[in-house]
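J.: Top to bottom, those sequences are chains A and B. Basically our numbering = 1-based index in the first sequence + 1302. Basically our numbering = 1-based index in the second sequence + 31.
Think of the hints as simulated: they come from the structure by calculation, not from any bench. A portion of the hints provided could be inaccurate.
Said to hold, decoys possible - Non-contacting residues of chain B with respect to chain A, defined by C-beta distances greater than 10 Å in every case (computed): (1) Ser36; (2) Gln37; (3) His41; (4) Arg48; (5) Ile54; (6) Gln57; (7) Leu62; (8) Ala75; (9) Arg87; (10) Pro113; (11) Leu116; (12) Glu120; (13) Asp121; (14) Gln144; (15) Val177.
To be verified - Some chain B residues judged to face chain A by a derived CB distance under 10 Å, without partners named: (16) Gln47; (17) Ala61; (18) Gly63; (19) His65; (20) Ala69; (21) Phe72; (22) Ile97; (23) Ala102; (24) Ser104; (25) Lys107; (26) Ala132; (27) Lys133.
As the list claims (entries may be wrong) - Straight-line C-alpha distance at most 27 Å; calculated DSS-like pairs for lysine-lysine: (28) A:Lys1348 / B:Lys133; (29) A:Lys1348 / B:Lys91; (30) B:Lys60 / B:Lys81; (31) B:Lys133 / A:Lys1467.
All C-beta atoms, glycine included, are put in the ideal place defined by N, C-alpha and C.
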Amino acid sequence: MPMNETQATSTQRYFVESLREINPSIIWAPFFINPAIALMDSYALKPFPCTVACENIVSALLSANREITVELDWLAETFPDSHRIFQTLQREAIVEYAAVAVAFLVVTNVAQRTITEVTLRGDKADYFLESRKYLLEISGTENAEQLTSRHRAKVHQVQANPFGKDGYVFVCCFSNQCARFSFHRFVNA
Amino acid sequence: MNAISQNQNHAADLLQRKSLLIIQGQFQKALGGHGEAARLFLEAALLEEKIANRFRQEGKPDDAAISLFSAASCYKHAGHLPKALALAEDALTLDLTADFAKEIQEFIYGCKQILMPAAPRTLRGIVRKGAIYPFESEVLAEGELVTITADGTT
């Protein structure tokens, strides 16, 4: 049986460098461009495809199966010799930074939300959207088995956040090019 | 441009500058550049404190608390523990959710633990095969019960 057109996953291509333009006043978003290029380049996939499964996300870009494939591309001259970053920064940190870059692209383009600020809470960075209306929890991994458990843990963090705010969760697994993106209401325990 | 929109632009500029400094501070820390990280966190803390004061003046205690705790966290990363402690205690005076208050109290406890002078540590044991105590070149007899305190006395 031919696949219904509405069942097909839509595909969008974003340049990582567009983080500079999505909101020029967010002067810190471009900071994540280089780690993202370095990590995706290490997989020798260009553009780097990422299938994002969405939950409770409102977007005209989503097909009936609530998925979207984002193809992440970049210009070769943006970060030549990107592999050198692995000599100075631990891979785990690069994965987290790369996940932030992908999250910002998806949050902005798919959910049409504006990233506004980062604050520090102890050792943890909190990303806020829409002038502190929503929280954004982000995590990155290269272990496919961790995708579900990381997502679950982040959902719990959002639902029980100390500010009592609703929030989004974005968890990206680079090794199998999959991500989960969801929205959650604060749960008052 | 009128005074109100100038004021709003300045506030937005503060938010973006301190966000960049936090990101840069964390990046330097990950690189192992702790001195540079401390400098960046200190700069971020100063801006975040200004932001907190603005929110307070605007009658937004929830936002003021978020910024105060962020400033306190930045000061801690910058190595300015007394200032971190003072701001965290200030944040506690605002109307917070129980979870947020608990998190700040844990932060305060952590700062106090670091600030407290280290209690004298004492090691006690029995000499097994005879040993030379390194500072005094004192030969200890086998079976002798020794107590070594943190200041190096036996």
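J.: Evaluate each hint against the coordinates.
T.: Results for each hint:
1. For B:Ser36, the condition that its CB be more than 10 Å from all CB atoms of chain A holds, with the nearest at approximately 14 Å.
2. Taking the minimum C-beta to C-beta distance to chain A, about 15 Å, the non-interface status of B:Gln37 holds against the 10 Å cut.
3. Listed as a non-interface residue, B:His41 keeps its Cβ farther than 10 Å from every Cβ of chain A; the least gap is roughly 13 Å.
4. The Cβ of B:Arg48 does not lie farther than 10 Å from every Cβ of chain A; its closest approach is about 8 Å, which violates its non-interface assignment.
5. For B:Ile54, the condition that its CB be more than 10 Å from all CB atoms of chain A is violated, with the nearest at approximately 5 Å.
6. A beta-carbon of chain A is positioned within 10 Å of the beta-carbon of B:Gln57; the least distance is around 6 Å.
7. Distance check on B:Leu62: its Cβ comes as close as 6 Å (rounded) to a Cβ of chain A, failing to clear the 10 Å threshold; non-interface status is violated.
8. With 10 Å as the threshold on Cβ separation, the claim that B:Ala75 sits away from chain A is violated: the shortest Cβ distance comes to roughly 8 Å.
9. Every CB of chain A is more than 10 Å from the CB of B:Arg87 (nearest about 15 Å), matching its label as outside the interface.
10. Every CB of chain A lies more than 10 Å from the CB of B:Pro113, the least distance being 17 Å, so the non-interface label holds.
11. The beta carbon of B:Leu116 sits about 13 Å from the closest Cβ of chain A, which is more than 10 Å, so the claim that it is off the interface holds.
12. Annotated as non-interface, B:Glu120 keeps its C-beta farther than 10 Å from every C-beta of chain A; the closest such distance is 15 Å.
13. The beta carbon of B:Asp121 is kept farther than 10 Å from every beta carbon of chain A, the shortest such distance being approximately 16 Å.
14. Listed as outside the interface, B:Gln144 is consistent with that label: its C-beta sits roughly 14 Å from the nearest C-beta of chain A, beyond the 10 Å cut-off.
15. Chain A leaves B:Val177 outside its interface by the beta-carbon criterion, the shortest separation being 40 Å against a cut-off of 10 Å.
16. Because the smallest distance between the Cβ of B:Gln47 and any Cβ of chain A comes to about 5 Å, under 10 Å, the interface hint for this residue holds.
17. Among the interface hints, the one on B:Ala61 holds; its C-beta lies about 5 Å from the nearest C-beta in chain A, closer than the 10 Å criterion.
18. With a least beta-carbon distance of about 9 Å to chain A, the hint placing B:Gly63 at the interface is held under the 10 Å criterion.
19. Hint on B:His65 is violated. Least Cβ distance to chain A is approximately 14 Å, over the 10 Å limit.
20. Look at B:Ala69: its Cβ only gets to about 14 Å from chain A, farther than 10 Å, so that hint breaks.
21. With its C-beta approaching chain A no nearer than about 8 Å, B:Phe72 sits inside the 10 Å limit, and its interface hint holds.
22. Interface hint at B:Ile97: satisfied, since its Cβ lies 6 Å from the closest Cβ of chain A, which is below the 10 Å cut-off.
23. Annotation: interface hint on B:Ala102 holds; nearest CB of chain A at approximately 8 Å, less than 10 Å.
24. Because the smallest distance between the Cβ of B:Ser104 and any Cβ of chain A comes to about 4 Å, under 10 Å, the interface hint for this residue holds.
25. Taking 10 Å as the C-beta contact cut-off toward chain A, the hint placing B:Lys107 at the interface holds, the least distance being around 8 Å.
26. Interface hint at B:Ala132: satisfied, since its Cβ lies 8 Å from the closest Cβ of chain A, which is below the 10 Å cut-off.
27. About 8 Å separates the beta-carbon of B:Lys133 from the nearest beta-carbon of chain A, less than 10 Å, and the hint is met.
28. Proximity of A:Lys1348 to B:Lys133 is assessed by CA-CA distance (about 46 Å); at most 27 Å being required, the pair is judged violated.
29. Between A:Lys1348 and B:Lys91 the CA atoms are separated by roughly 46 Å; this puts the pair beyond 27 Å, and the hint is violated.
30. Restraint check for B:Lys60 and B:Lys81: satisfied, since their Cα atoms lie roughly 24 Å apart, inside the 27 Å limit.
31. Distance check on the hinted pair: B:Lys133 and A:Lys1467 sit about 17 Å apart at the alpha-carbon level, within 27 Å; holds.
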